[in-house]
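Engineer: Mind assembling these two chains? They're in different frames, but the hints should get you there.
Chains as they are written, first to last, in our numbering: chain E, 1 to 310; chain S, 311 to 376.
Hints are computed from structural coordinates only; laboratory data are not their basis.
Computed from a predicted structure; not experimentally measured.
Glycine included, every Cβ here is placed at the ideal spot set by N, Cα and C.
One should not assume that every hint holds.
Label pairs and their calculated CB-CB ranges [what the hints assert, rightly or not]:
id, chain 1, residue 1, chain 2, residue 2, range
1, S, GLU323, E, ALA113, 43 to 49 Å
2, E, VAL170, S, ASP356, 32 to 38 Å
3, E, GLY45, S, PRO327, 50 to 56 Å
Take a look at the letters that make up each chain.
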Amino acid sequence: MKCRRCRQPAVIELRRHNAAFCPECFLHHCRSQVRRSLEDFHMIGEGERVLVAVSGGKDSLALWDILLDLGVAADGLYLGLGIGDYSDRSGEFARAFASGRGARLIEVDIPSAYGFGIPEGAAAARRVPCSACGLSKRHLFNQAAVEGGYDVVATGHNLDDEAAVLFGNVLRWSTEYLGRQLPVLPAADGFVRKIKPLVRLGEREMAAYCVLRGIDYIVEECPMAEGNKHLGYKDALNAVEETSPGSKAAFYFGFLDRGAAHFAPEVEAVRQSLGTCAACGSPTTGETCSFCRLVDAATAPLQAPTRRRR
Amino acid sequence: MRVLLRNPRRLVEVAGPRRVHELLAELGVRRESVLVIRGDTLVTDDAVLDDGDEIEVRPVISGGAL
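Next comes chain S alone, as it looks inside the complex (with noise of 0.2 Å):
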């Protein structure tokens, strides 16, 4: 599957199938810390992704003024 990340904005190739948790652990990745989307749906945590599927990893973390 192709992986988008950000911060810096990158496409990785990772091998399916496999659990979104387990592909953020795989990545390094807080839970808490991104959403995962595939085409244009969110996944929860379970969700098993294949080969072929379009993944982003998406921050949800901001941190500017307040």
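Same shape as in the complex, but just chain E (with noise of 0.2 Å):
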């Protein structure tokens, strides 16, 4: 198999591009297909500082990698779960990375900070633990983005991840989740912009990039999403692609092009309806926001059980 760019031998195909690439074109295909989502969907002004929400997986790394070699002012942000020794490893890769590339790394330990792990949160708040996780991030990197002077939020977000959510909600038909799921998320009263801008690559093509450029990442797969719903949905999409490469991008691209206008009322409507959290000022639309929620649950002191009467 032969290099579309340039005829030399290839060491991965992209049936979505009907395309083959060495090493080198490779890796130029994946700063295009960034560069392009950059600059279509106006994610990042002239001056802005980008925070990158680092997991130590691939996609993160290899999205930091990209964009400050794309000369974006990326800083990386990494949480600290308390997912036991899986945190621990994932920390060290995303050091490796900060420290290999001389860059600025923040760190936030979440058991440190707020006394509890997402295993434990998740169990108190009886939530399932990657929506405890989840909204956690989503909390905690807009809270250090506003904090740290940010103008934006950037996500490893990938083509899988963002056809796989959009299945899950299209199946539910949760309007209001698919008026937000856009490549950007426009700044609020409270929120920065959210970006996306690894939406044109899929997530083998992120961990072909890792490989390539020598970026060690954590290979294994949190314990705590073992057999979630989100795994089943992307396995349920690849079972598509791979009789029909090209799928996911139409289902996605079609989706933005022609679908997610529809959802954006909704959107707007909760927009509107926005307080702010008693507990810790950030937005929401309740009295206290989920986070702080999670948090109450998580650290309040265990209750004896009641004796019952006889």
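Structural biologist: Have a look at this one:
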């Protein structure tokens, strides 16, 4: 198999693009796709400061690497989630990357700062672990960006992530979520802009990028995520993609072109109803935000079992 | 050839020669969900893998909190 650009031996084929690339041209392809997303969706303004949400996995480290190569002023933020050995090793990969690139990595350790890890917090709040983790990340990334004077939070959501989330939202017709499933969420009171520069790249491409760039990342899946719905959606979409390459991209970008705008009014209605969290001051639709409620549940003293009368 | 698989991490022996897509079909793995690495180099679907090769079939799917 030959590289489409230079005709040298290829190392990866991308059936979606009906193309194969050698290492150098593949890296060029990845950077081009990110540059195109940044430009098409107006993700970063001139001179703006970007905070990259870094997990130690392939997507976030590849994103950080590409943004730095494109000349974007991007620092990283790593959240310690308190998921035992998995969190320890993830943090090591994030630190090693930052050190190797001479980039600034900010760290927030949830157990040290808030007194609980995600597994215990999720159990106490009776939430699915990925739900407790997701809301904690969204809250703490935004909070760190606001406090640090950043204009933008960049996350490593790739095409597979977005197609799988879209699939789940369509299955349930979660109209508010559909309205917010965009590559850019504009800044609003209390929120910095959120961007997803990897939406034109699949996760196979991101893993290949890391291998070819020599970026070490945590390959093992988070133990909390095993068997979750999102992985099931990805498997279903990959089954379609095998027989019909390009389906995931057509699904996601077709939604952006022809579907997303239909759900915008609902998002606007929610935005109009936002107040301020009584505990932390973050935007919320309730009296306290979901992160503060999670902290309360996770750190509440254990109640002694009540004795039943006979 | 010796093939490293992940989640859970394990090694299996597979007789060569065979092409990458044949190996993945035999292992029951979707091509979209993995990279195949020989030594420290990525290989394409049509590459021929031989006895004596050290192969890693690396999953690329992650699905935690978004």
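Engineer: If a hint holds in the structure, say so; if it doesn't, say that too.
Structural biologist: Hint check:
At about 48 Å, the beta-carbon gap between S:GLU323 and E:ALA113 stays in the expected band of 43 to 49 Å. For the pair E:VAL170 and S:ASP356, the supplied restraint of 32 to 38 Å holds, since their beta-carbon distance comes to about 35 Å. For the pair E:GLY45 and S:PRO327, the supplied restraint of 50 to 56 Å holds, since their beta-carbon distance comes to about 54 Å.
Of the numbered hints given earlier, the model fails none.
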